[in-house]
Amino acid sequence: MLARAFLSSVSCLLLLGGLAAYQPAPPNARYICNGSKTVVAVVNPDTQHVSRVDDQGNMKDTPSGFCKCTGTSFSCDAPPDFYIPDGPHLTCTQEGSKTCY
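In terms of the numbering used here, the sequence shown opens at residue 1 and continues consecutively.
It is worth saying that the hints were derived from the structure and are not from the lab.
Note that beta-carbon positions come from the ideal geometry of N, C-alpha and C, so glycine has one too.
Possibly wrong hints are sitting among the right ones.
As the list claims (entries may be wrong) - DMTMM-like cross-link-like pairs, simulated, lysine to aspartate or glutamate; straight-line CA separation at most 25 Å:
id : residue 1 : residue 2
1  : Lys-68    : Asp-54
2  : Lys-60    : Asp-81
3  : Lys-68    : Asp-46
4  : Lys-68    : Glu-95
5  : Lys-98    : Asp-77
6  : Lys-37    : Asp-55
7  : Lys-37    : Asp-61
8  : Lys-98    : Asp-55
9  : Lys-98    : Asp-46
10 : Lys-37    : Glu-95
11 : Lys-60    : Glu-95
12 : Lys-37    : Asp-77
What the hints assert, rightly or not - Pairwise CB distance ranges (calculated):
id : residue 1 : residue 2 : range
13 : Lys-98    : Ser-73    : 27 to 35 Å
14 : Asn-58    : Glu-95    : 14 to 22 Å
15 : Lys-98    : Asp-46    : 23 to 31 Å
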(Lines of atoms letter the chains of each structure in order from A; the text may use other names.)
(Lines give C-alpha, C1' and ligand atoms only; values in the text may rest on other atoms or scores of the structure.)
Protein backbone atom coordinates (compact mmCIF):
# COMPACT_ATOMS: atom_id res chain seq x y z
CA MET A 1 0.00 0.00 0.00
CA LEU A 2 2.78 2.40 0.91
CA ALA A 3 4.69 1.51 -2.26
CA ARG A 4 1.61 2.24 -4.38
CA ALA A 5 1.18 5.66 -2.76
CA PHE A 6 4.86 6.42 -3.34
CA LEU A 7 4.67 5.42 -7.01
CA SER A 8 1.53 7.49 -7.44
CA SER A 9 3.29 10.53 -5.95
CA VAL A 10 6.34 10.03 -8.17
CA SER A 11 4.14 9.67 -11.26
CA CYS A 12 2.30 12.87 -10.40
CA LEU A 13 5.57 14.79 -9.94
CA LEU A 14 6.93 13.51 -13.24
CA LEU A 15 3.73 14.52 -15.01
CA LEU A 16 3.80 17.99 -13.47
CA GLY A 17 7.48 18.39 -14.34
CA GLY A 18 6.77 17.45 -17.94
CA LEU A 19 3.86 19.85 -18.16
CA ALA A 20 5.91 22.68 -16.68
CA ALA A 21 8.57 22.27 -19.34
CA TYR A 22 6.26 22.76 -22.35
CA GLN A 23 5.08 26.24 -21.47
CA PRO A 24 5.14 29.24 -23.79
CA ALA A 25 8.10 31.55 -23.44
CA PRO A 26 7.48 34.89 -21.71
CA PRO A 27 6.36 37.72 -24.02
CA ASN A 28 9.59 39.69 -23.47
CA ALA A 29 11.82 36.66 -24.17
CA ARG A 30 14.97 36.85 -26.25
CA TYR A 31 15.36 33.88 -28.59
CA ILE A 32 18.75 32.33 -29.34
CA CYS A 33 19.59 31.58 -32.97
CA ASN A 34 22.28 29.22 -34.26
CA GLY A 35 24.53 29.76 -37.28
CA SER A 36 21.78 28.35 -39.54
CA LYS A 37 19.42 31.14 -38.39
CA THR A 38 17.20 28.66 -36.52
CA VAL A 39 15.80 29.41 -33.05
CA VAL A 40 17.28 26.86 -30.63
CA ALA A 41 16.66 28.34 -27.17
CA VAL A 42 15.08 31.19 -25.27
CA VAL A 43 16.34 33.49 -22.50
CA ASN A 44 13.98 35.02 -19.97
CA PRO A 45 15.48 38.50 -19.48
CA ASP A 46 13.93 38.80 -16.00
CA THR A 47 15.54 35.62 -14.57
CA GLN A 48 18.35 35.06 -17.14
CA HIS A 49 17.36 31.37 -17.26
CA VAL A 50 17.52 29.48 -20.57
CA SER A 51 15.37 26.73 -22.08
CA ARG A 52 15.45 24.95 -25.41
CA VAL A 53 12.34 25.59 -27.50
CA ASP A 54 10.23 23.59 -29.93
CA ASP A 55 9.06 24.80 -33.35
CA GLN A 56 6.15 26.71 -31.76
CA GLY A 57 8.40 28.56 -29.29
CA ASN A 58 7.32 26.50 -26.27
CA MET A 59 9.99 25.79 -23.67
CA LYS A 60 11.17 22.16 -23.74
CA ASP A 61 13.16 22.25 -20.49
CA THR A 62 12.89 23.59 -17.00
CA PRO A 63 14.71 26.92 -17.39
CA SER A 64 18.19 26.93 -15.85
CA GLY A 65 21.59 28.61 -16.02
CA PHE A 66 22.36 32.31 -16.01
CA CYS A 67 22.67 33.69 -19.52
CA LYS A 68 22.02 37.02 -21.15
CA CYS A 69 21.67 38.80 -24.43
CA THR A 70 23.61 42.01 -24.87
CA GLY A 71 22.53 43.49 -28.16
CA THR A 72 22.62 40.45 -30.42
CA SER A 73 25.41 38.74 -28.44
CA PHE A 74 24.65 35.72 -26.24
CA SER A 75 26.74 34.67 -23.22
CA CYS A 76 26.37 32.54 -20.08
CA ASP A 77 27.87 33.16 -16.64
CA ALA A 78 26.57 29.71 -15.61
CA PRO A 79 25.55 27.25 -18.34
CA PRO A 80 22.07 25.69 -18.32
CA ASP A 81 21.48 22.05 -17.29
CA PHE A 82 21.28 20.97 -20.94
CA TYR A 83 23.83 21.25 -23.73
CA ILE A 84 23.75 24.44 -25.71
CA PRO A 85 26.61 25.16 -28.09
CA ASP A 86 28.72 28.14 -27.21
CA GLY A 87 30.46 30.58 -29.46
CA PRO A 88 30.03 33.59 -31.70
CA HIS A 89 27.66 31.73 -34.04
CA LEU A 90 24.88 32.07 -31.43
CA THR A 91 22.96 35.33 -31.63
CA CYS A 92 19.95 36.87 -29.90
CA THR A 93 16.76 38.15 -31.46
CA GLN A 94 15.16 41.44 -30.52
CA GLU A 95 12.97 41.29 -27.41
CA GLY A 96 9.78 39.32 -28.08
CA SER A 97 10.77 38.47 -31.68
CA LYS A 98 11.42 34.95 -32.99
CA THR A 99 13.09 36.22 -36.17
CA CYS A 100 16.75 35.29 -36.62
CA TYR A 101 18.97 37.62 -38.65
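Against which earlier hints does the structure fall short, listed by number upward? 13 and 15
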